[in-house]
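Single-letter residue listing:
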Amino acid sequence: MADATPTPVPATPAAPATPDRGRPVLVVDDVHLKYKTYGGKRRTRSSRLPGWAQGFTQGVGAVDMVHAVKGVSFVAHHGESIGLIGHNGSGKSTLLRAVAGAMPVSSGAIYTDGVASLLGVSGALIKNLSGERNIILGCLALGLKPDEVAQHYDEVVEFADIGEFVRLPMEAYSSGMGARLRFAISTAASPDILMIDEALATGDASFKARSQRRIDEIRERAGTVLLVSHSMGTIKETCDRVLWLDSGVLRADGDPDEVIEAYMETQRKKVEAAKK
Amino acid sequence: MSAEPVADQQGRLPEEVGHSLKEIAERHGLRQVGGRPRLGAYLKGLLERRHFALVLARSQAYSQNQGSYLGQAWNILNPLINAAVYLTIFGYVLKTDRGVENYIAYLLVGVFFFQFVTRAITLGSKAVVGNTGLVNSLQFPRALLPISTVLTELIAFLPAIVVLLVLMPISGEPLRWWWLALPGAVALMHLWGTGMAFLLARLVVEVRDVANLIPFAMRALMYFSGVFFSITSYAGSGLLGTVLEYQPVAVYLQLARTCLMVEAEPSASLWIAAAAWAFGTLLVGFLFFWRAEAKYGRG
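Protein chains in written order, with the working numbering: chain E, 1 to 276; chain A, 1 to 299.
Looking at chain E on its own, in the form it has when it is part of the complex:
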């Protein structure tokens, strides 16, 4: 009765005030990811075989198991934008593929709410087909109905800004064009969880600005964005939380400035060590 003024709630940083805010949309529970790779094998230090025999094992039975993600756990909520940072090969892309359902987990579990769409630079599309066909295929694969594809088609072409190239096979595209088209397709369906793998690094300034706007839209409408990038600038601009993966292990999870600072610190040490 006396409390006319509401008790001040501690402000959650950079959170758009949507009604769904705070509902968990992605849970990653102690996930391990392993995959087989063919055509090459790491040399084990313990191998006492002579050189020629080691050469033989490179050519026959050259199948190796990569343990890319080792026990990662986190929960993501509606409205969050999460950056994933770490060295090359730390398991960032593999983790995104697993969240997209494209790679089965070896142990642990991933739970999502709705559609998770992965946008990768080395993407989904078929290179000897025209951009036109790839747009239709991509949208159908994302689960759109044929009439919805027709609705979104013009929008995708316009956003990708590839002009007459839409009729040529994708192998004729520059890497920027390919990245733009893939971005346009994967955001056509306005997914509940949008995952972006380094895509913002490609493309010219105007496309960067447009794609940034599109990501903001998706965040407002749908929810969660997961972004993998080596550009700390992009991460700071886009994300309100950062996960740091180090050789498949989650090293830090929290405020972007703090995590990036800690990550850069180890980077600096590595660079200095390399100079010596």
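Hints are computed from structural coordinates only; laboratory data are not their basis.
Please note that the accuracy of each hint is not assured.
To be verified - Derived list of chain E stretches under chain A, where covered just means 3 residues or more per stretch with a C-beta under 8 Å from a C-beta of chain A:
#, stretch
1, 91 to 100
2, 104 to 111
3, 135 to 143
Glycine is no exception: its CB is placed at the ideal position from the N, C-alpha and C atoms.
Let chain E serve as the given structure and place chain A on it in line with the hints.
Chain A alone, transformed into the frame defined by chain E:
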């Protein structure tokens, strides 16, 4: 210590602290990603993405012939040249026409239909490992890949059937009502091919080396299926002859001949065998493929 914020709360909001991640997921009705869905849900998912399978198949069939000046004309040229080569070799050089009156028609049907079988099986076996781009970036019921791959071959096969229907009267076969049964024979063969693609696609995922053996199996199959000679005339009608006659590829080739050729007697037992092989293989193959759904994409 504070330089590296440790992920002890894993991003839990204050009200979620103390609950396990699994509890949080379940309380908010999140669904687990991956794994093997129940059969009903899997079939429903397949049905929902049927347009994807169809467009993928049409696009792939179209792109097969795109890398040349003549482009889509190769759809017609390919079967024509193929027929000419086989007619030269087996009709004039090797003369394996014992027991066949219209050898040209016999050979054409055999070669065209066997071509479909070869392609459906060879490419179907690579349906999952050959589409890593799609598998690694999108989530959909993986059974769509074998389905779409064999559908691609069916679409590419249709112009060949038209060529065949034009060549039949030229070779001396009259137009008959039985021609109308040909789509049925093709459909049964297509279902059988899809079943085989399911079986082999999973086997190749498990052991990739299987894909290296398939060309040899196909070559052997060509000689055991009566593509260019009559099985009953060469293997007799004993046990060996009967086994060879009722193995699936021979069944489909012979079935097509009973539709198109006067000398090939239509027989109920042939249709029953064709249907049994088709639905049996499809059912077993589909279940076999579905059981490993959680494995595809792990390399």
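Evaluation of the provided hints:
Chain A is given as covering the stretch 91 to 100 of chain E, and this holds because 4 residues of the stretch bring a CB closer than 8 Å to a CB of that chain, at least three being needed. Here's how the stretch 104 to 111 of chain E fares: 6 of its residues keep a CB closer than 8 Å to some CB of chain A, so the rule of at least three is met and the hint holds. Counting residues of the stretch 135 to 143 of chain E whose beta-carbon sits less than 8 Å from any beta-carbon of chain A gives 6, enough to reach three: the coverage restraint holds.
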